[in-house]
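Each residue of the first sequence is one higher than the one before, counting from 127 in this note's numbering.
Hints in this document: simulated from the structure, not taken from any laboratory.
From the three backbone atoms N, C-alpha and C, an ideal C-beta is built for every residue, glycine too.
Be a bit skeptical, because a hint or two may be false.
Computed Cβ-Cβ distance ranges for the label pairs, DEER-style [to be verified]: (1) Lys-315 - Asp-425: 24 to 30 angstroms; (2) Lys-248 - Arg-196: 25 to 31 angstroms; (3) Asp-542 - Leu-579: 18 to 24 angstroms; (4) Lys-291 - Asp-425: 34 to 40 angstroms.
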Amino acid sequence: MDKKRTVLLWVRGDIRLADNSALTYAAETGVVVPVYIWEDGKAESLPPGGAARWWLQQALVDLQAQFHKRGCKLILRRGDAARILPQLAKECRATDVAWGRVYDPETVARDEKLAARLRRQKLDVSIHDGYLLFAPETLRTKAGTVFKVFTPFSRACLAAKPPSKPLPPPQDLRGFSQPIKSDILKTWKLTPAKAQWPKGLADDWEPTEQAAHEQLHEFIQHNLNAYKTGRDRPDREGTSRLSPYLHHGLLSPRQIWHAIHQAMHKPGAGSPSAERYILEILWREFCNHLIVNFPTMLDKPLDRRFSKFPYRASAKELAAWQKGLTGYPIVDAGMRQLWNTGWMHNRVRMVVASFLIKHLLHSWREGMLWFWDTLVDADLGNNTANWQWVAGCGADAAPYFRIFNPTLQGRKFDPDGTYVRMYVPELAKLDARYIHEPSKAPPDALRKAGITLGKTYPLPIVDHSAARTRALLGLKRMRADKT
DNA sequence: TGAAATGTTGGGGCG
DNA sequence: ACGCCCCAACATTTC
127 MDKKRTVLLW VRGDIRLADN SALTYAAETG VVVPVYIWED GKAESLPPGG
177 AARWWLQQAL VDLQAQFHKR GCKLILRRGD AARILPQLAK ECRATDVAWG
227 RVYDPETVAR DEKLAARLRR QKLDVSIHDG YLLFAPETLR TKAGTVFKVF
277 TPFSRACLAA KPPSKPLPPP QDLRGFSQPI KSDILKTWKL TPAKAQWPKG
327 LADDWEPTEQ AAHEQLHEFI QHNLNAYKTG RDRPDREGTS RLSPYLHHGL
377 LSPRQIWHAI HQAMHKPGAG SPSAERYILE ILWREFCNHL IVNFPTMLDK
427 PLDRRFSKFP YRASAKELAA WQKGLTGYPI VDAGMRQLWN TGWMHNRVRM
477 VVASFLIKHL LHSWREGMLW FWDTLVDADL GNNTANWQWV AGCGADAAPY
527 FRIFNPTLQG RKFDPDGTYV RMYVPELAKL DARYIHEPSK APPDALRKAG
577 ITLGKTYPLP IVDHSAARTR ALLGLKRMRA DKT
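My request is simple: use the sequences and hints to build the entire structure.
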């Protein structure tokens with residue numbers, strides 16, 4: 127370590143101390159001045175949504191404490207990073223600037239310019255990878271094109287040089303000896319004002335780096351072996367629930383990758399389940415590679431035939447979907463889980479997305495924006511690419527004719543209605559035979575459960591079979607239209 | 001990482 | 001005993 131060097135560490139999508147290449151580099155190079163800059167979402171394609179801002183606020187509180195423990199102060203600044211970084215570099219007489227790469231197409235170009243500008247200021251700029259396992263510019267098909275199909279993409283990942291071992295948190299940090307002006311986190315008002323919301327989020331989540339590791343080990347110990355089938359059951363704890371940690375960088379994909387592979391080498395664990403989980407991590411890579419290479423995806427369908435599709439725009443229907451009042455229990459349970467906890471089970475995400483797009487014929491953008499605001503794990507790549515996937519206009523997309531039957535999906539993956547009962551309490555007492563189709567329940571069963579359809583719980587806002595026919599017809603017509 | 005319609009088969013009831 | 005029908009169970013195809 128060079129006592130004469132001072133590294134300005136720009137903390138971005140990596141709110142953690144362990145396996146943070148930029149931080150390790152900074153610690154090994156000299157005095158570390160970590161800074162988090164709140165740009166009011168102006169630098170990004172989409173400003174972080176409400177739930178994500180709540181998470182960010184909590185995570186920053188923890189990061190501040192972790193740096194403080196190690197004799198280092200996390201500086202907080204608000205405004206344009208392109209203005210703040212050069213200025214702050216002067217303030218602390220920095221010799222170096224380091225940050226972790228972020229893959230929002232809007233910031234990718236901006237960051238390159240920024241790096242060039244800092245270098246002209248005689249600063250040693252280094253940009254480190256960490257948000258993804260594989261850099262988006264490295265993986266290509268044999269023909270040299272960007273992968274648009276998942277399976278060959280995943281094969282290329284598995285054949286590539288495996289991600290390196292995760293780094294331990296730096297042993298000792300040398301903080302800057304003089305005070306540097308810093309904002310007070312609370313004044314940023316990151317947490318949405320809606321009174322109830324943050325409380326619901328706090329009941330379910332602990333946004334700290336330590337909690338991230340506890341969750342990872344909890345998952346590996348209890349749910350990894352049965353992941354292949356368990357992941358589809360919203361009524362159980364079958365998924366990893368790591369997505370918000372991963373998105374905010376409290377955990378790195380490298381740490382997950384290595385923890386899973388380590389677990390696979392234990393007896394009985396080298397299972398299809400572990401492989402399946404790795405594939406899910408690779409879907410995240412795929413989605414992020416897609417938006418980097420096809421940035422128009424953010425607001426336009428990748429398959430341009432869909433740009434002419436006459437999507438409907440009923441504010442009333444959209445609101446019913448958002449509030450979980452569609453009359454389809456599995457859809458309503460999912461939408462209410464999302465609103466109340468900032469997260470939704472993956473299987474149910476597919477069902478509610480299919481419902482909005484194919485049953486209500488609303489644009490995938492409407493759903494994408496709602497998820498963006500309400501999910502604690504909202505990731506630009508995953509959210510964009512997966513909504514397009516469901517709509518049928520994305521890469522390796524679900525065929526246009528795949529329309530989930532919400533009743534059957536409910537019966538199949540929530541057979542006793544446990545999940546529905548948890549989030550749709552007005553149906554809690556209904557017999558399991560009718561829980562996924564209350565409109566078909568005999569009057570007697572409804573009475574016993576204290577349900578008056580259309581009053582205590584809505585009647586289906588669309589008829590499944592009619593909606594299905596309508597969607598198939600519209601999509602078929604679009605495909606036939608060559609103009 | 002579907003669902004629904006349609007086709008096929010085979011066992012059992014029954015005249 | 002036999003053909004006929006019904007229909008569940010499974011397979012195929014179509015959207």
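Checklist entry - Has the hinted range 25 to 31 angstroms been met by the Cβ atoms of Lys-248 and Arg-196? => result At roughly 28 angstroms between Cβ atoms, Arg-196 and Lys-248 fall inside 25 to 31 angstroms, so the hint holds.
Checklist entry - Is the distance from the Cβ of Lys-315 to the Cβ of Asp-425 consistent with 24 to 30 angstroms? => result holds, 28 angstroms
Checklist entry - When you take the CB atoms of Asp-542 and Leu-579, is the distance between them in 18 to 24 angstroms? => result Given a distance of about 21 angstroms, which is inside 18 to 24 angstroms, the answer is holds.
Next on the checklist: Quick check on a hinted range of 34 to 40 angstroms for Lys-291 and Asp-425, using CB atoms only.
Outcome noted: Distance hint for Lys-291, Asp-425 holds at roughly 39 angstroms.
The structure agrees with every numbered hint stated previously.
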